[in-house]
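Number of protein chains: 6
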Amino acid sequence: MSRYQKGLRVLTSINGQEGKSILKTLEAISPDMAKFVVEFPYGDIYSRPGLDIKTRELITIASLVTMGFAQKELKAHVRNALNAGCTKDQIKETIIQMCVYAGFPAALNGLMIAQEIFEQKEDSRSAKRKRRR
Amino acid sequence: MSRYQKGLRVLTSINGQEGKSILKTLEAISPDMAKFVVEFPYGDIYSRPGLDIKTRELITIASLVTMGFAQKELKAHVRNALNAGCTKDQIKETIIQMCVYAGFPAALNGLMIAQEIFEQKEDSRSAKRKRRR
Amino acid sequence: MSRYQKGLRVLTSINGQEGKSILKTLEAISPDMAKFVVEFPYGDIYSRPGLDIKTRELITIASLVTMGFAQKELKAHVRNALNAGCTKDQIKETIIQMCVYAGFPAALNGLMIAQEIFEQKEDSRSAKRKRRR
Amino acid sequence: MSRYQKGLRVLTSINGQEGKSILKTLEAISPDMAKFVVEFPYGDIYSRPGLDIKTRELITIASLVTMGFAQKELKAHVRNALNAGCTKDQIKETIIQMCVYAGFPAALNGLMIAQEIFEQKEDSRSAKRKRRR
Amino acid sequence: MSRYQKGLRVLTSINGQEGKSILKTLEAISPDMAKFVVEFPYGDIYSRPGLDIKTRELITIASLVTMGFAQKELKAHVRNALNAGCTKDQIKETIIQMCVYAGFPAALNGLMIAQEIFEQKEDSRSAKRKRRR
Amino acid sequence: MSRYQKGLRVLTSINGQEGKSILKTLEAISPDMAKFVVEFPYGDIYSRPGLDIKTRELITIASLVTMGFAQKELKAHVRNALNAGCTKDQIKETIIQMCVYAGFPAALNGLMIAQEIFEQKEDSRSAKRKRRR
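Protein chains in written order, with my numbering: chain G, 436 to 568; chain U, 436 to 568; chain B, 436 to 568; chain Z, 436 to 568; chain A, 436 to 568; chain V, 436 to 568.
For reference, chain G alone in the conformation it holds in the complex (with noise of 0.2 Å):
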């Protein structure tokens, strides 16, 4: 399996549509940007052994949060991580943490957007289940 396989399995199994959808935007501005996002950060890094995805997510989730800047990336990854399993809790708890680290701005704005996704997701779901009746 190449590196392209390997990365695009990994990032659809946590990404889903949404991955793929940041992937088309991307390669119609650089399809070589595209294909490293997919080979090196998924192909390469994330399907790695020694780490659970679980894990993966919540250092990721605590690295945007310490640089600040990174909201989209930050919106992508605290969907991702529930995806991956870990729960609301446990993304609220690495956020809360950076306030030591990264200082109360960067955890505020953190808390704030992880906060929008987790409505987001219960939208959806809400949405889904009238749908369904």
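What the hints contain is simulated information worked out from the structure, not anything from laboratory work.
Some clues are possibly wrong.
Because identical chains cannot be distinguished in the list, a pair is counted as satisfied if it fits within a single copy or across any two copies.
For lysine to aspartate or glutamate, the following DMTMM-like pairs were computed, each having C-alpha atoms within a straight-line distance of at most 20 Å [stated by the list, open to error]: (1) Lys523 x Asp467; (2) Lys470 x Glu554; (3) Lys470 x Asp524; (4) Lys523 x Asp487; (5) Lys507 x Glu551; (6) Lys563 x Asp467.
This one's a predicted model, so the numbers in the text were calculated from it and none came from an experiment.
Mind docking chains U, B, Z, A and V on chain G? Use the hints.
Then chains U, B, Z, A and V, alone, in the frame of chain G:
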């Protein structure tokens, strides 16, 4: 149990003698700041349920590697992570993953620092073994 | 007086209604984090002697401008600084000086944000004046 | 020629109408800061020999992408870089390379912003062409 | 009085001999950069009215602690702050407050550096006293 | 030619002996990370067309100076830039320009580091010359 007592218990359980010596240095500069360090990060945050200490140390390492400048704290938390039961490989995996988010310079510096601590631990262990004979 | 009470007193004295509304939003996401915000930054730090609130707000503005990403917090603290009695010129001087240390992009973004708050205050004041007539 | 005149000449040669309009906004907030922007970055730095304007714009883009939060300035400098004669590919290559140093989130955000400017330019050009017919 | 003269006067008034020696080192590397340092930060910014030098030094310390990597400059500005009449406690309060915004690692590193300068000053003072006897 | 071979060729062409020795150190810590460094930054990115190596080294220097903490990497890339044919003046111009975007502390630290490498090169050259006589 007061926040200070709770914090000191967590701090000494993962930070051992070294934690106490850092605290002493800090107390000489600012007794209030030393109190804050015990009470807030350790008494309020690390003693929370929701994430085990191993995961807490890995997300802290992710944050410190991302910052790039916090080398002293990174050393202390690589030590803490080992004390808390993280394997060297889990620590290295965490740092390697940071090359995706914080870039290669931050991740490479982080790996060098982790290696330094791994070797110190090795040295002090073999020194102990020799003394025992 | 508890740390929470002390913190709430400082927070509401400089942050007024807005402080309380931010707190409510945060309480809905994480009651513990809301408690930490009142107790630690406001109860433990801002209520310390040694620096007056005006200077505390100016150094906070300097820090937030330097970070670059903390726009919401910068808005809140420009408001706080005005409430605490800082003049617009002192706030602008603080931000302008940051171009030396944090660079022009950080300082220019900071100035734009400060101006936004100055104009909001102006608008709400002239709205009040009109209503009074 | 004064530093201000020298700076204004560089600024308008690469920043055109947009540069002047940013300057006006800034003059309304702080005339001194507007003067500093013209005199120091443009009058003192960009007008130096030693690097051509194309290279100066590419290193500025590298710096702004690395910072992560400076999106307005990045937009302005992607425009400047095009005006100075950089190709879209050179700008994209610069941003892509940043994924190695500043990480993927910074580089991906940078690419999205560059694309936005490329499309604006495209739109305004095709609008002009239509009007000419 | 030229910007250079104005800047040099401010620089030497708060930076004394040390300021001049840093300037010499810098002149050997890049005479233009040395000129910019005197003219822009000191000639244009620090010599502005609107904030007294004490407050200017405290907001600079806040900014440098927030950056985390600027240890040499932090040392110089802790010295400057003392020369300008700030007390040790005001400097420490400023740095302690940064743990809220920039996080504990940045604030702790800042405190260690400030302490180093405080002790150097103490040493040079007691050395002078001895010589006088 | 594999990504690794392509990367190693670029790396050794601009990084010479020093590049190989860094790689060896890294291989002892993490053979996988050493492989990633060769394959991704050098094999995938630096070996792309679209920008010449000189420009690639200057934008990397801009990024590393902006980060502030990446001193080891900055040293390596100042060396690389010289090896790739950049003049000292082009390197200094790049770093000086960073005072506008990343601030004076970052730019001044960058200049000091560049000077250190310039002097090492000078020393090793005059040592070689002596040996030849």
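*Checking Lys470 and Glu554: alpha-carbon separation at most 20 Å within a copy, between copies, both or neither?*
This pair counts as neither: shortest intra-copy Cα distance 31 Å, inter-copy 22 Å.
*Should Lys523 paired with Asp487 be assigned to within, between, both, or neither, using CA atoms and 20 Å as the limit?*
both (17 Å within a copy, 15 Å between copies)
*With identical chains treated as interchangeable, where does the CA-CA distance between Lys470 and Asp524 reach 20 Å or less: within a copy, between copies, both, or neither?*
between (33 Å within a copy, 17 Å between copies)
*For Lys523 vs Asp467, is the C-alpha pair at or below 20 Å within one copy, between two copies, both, or neither?*
Answer is between: at 15 Å across copies they meet the 20 Å cutoff, but 35 Å inside does not.
*Taking 20 Å as the upper bound on the Cα-Cα distance, should Lys507 and Glu551 be classified as within, between, both, or neither?*
Classified as both: same-chain Cα gap 12 Å, cross-chain 16 Å, threshold 20 Å.
*With identical chains treated as interchangeable, where does the CA-CA distance between Lys563 and Asp467 reach 20 Å or less: within a copy, between copies, both, or neither?*
The answer is neither: 36 Å in one copy and 32 Å across copies each exceed 20 Å.
Consistency with the previously given hints fails for numbers 2, 6, ordered from lowest to highest.
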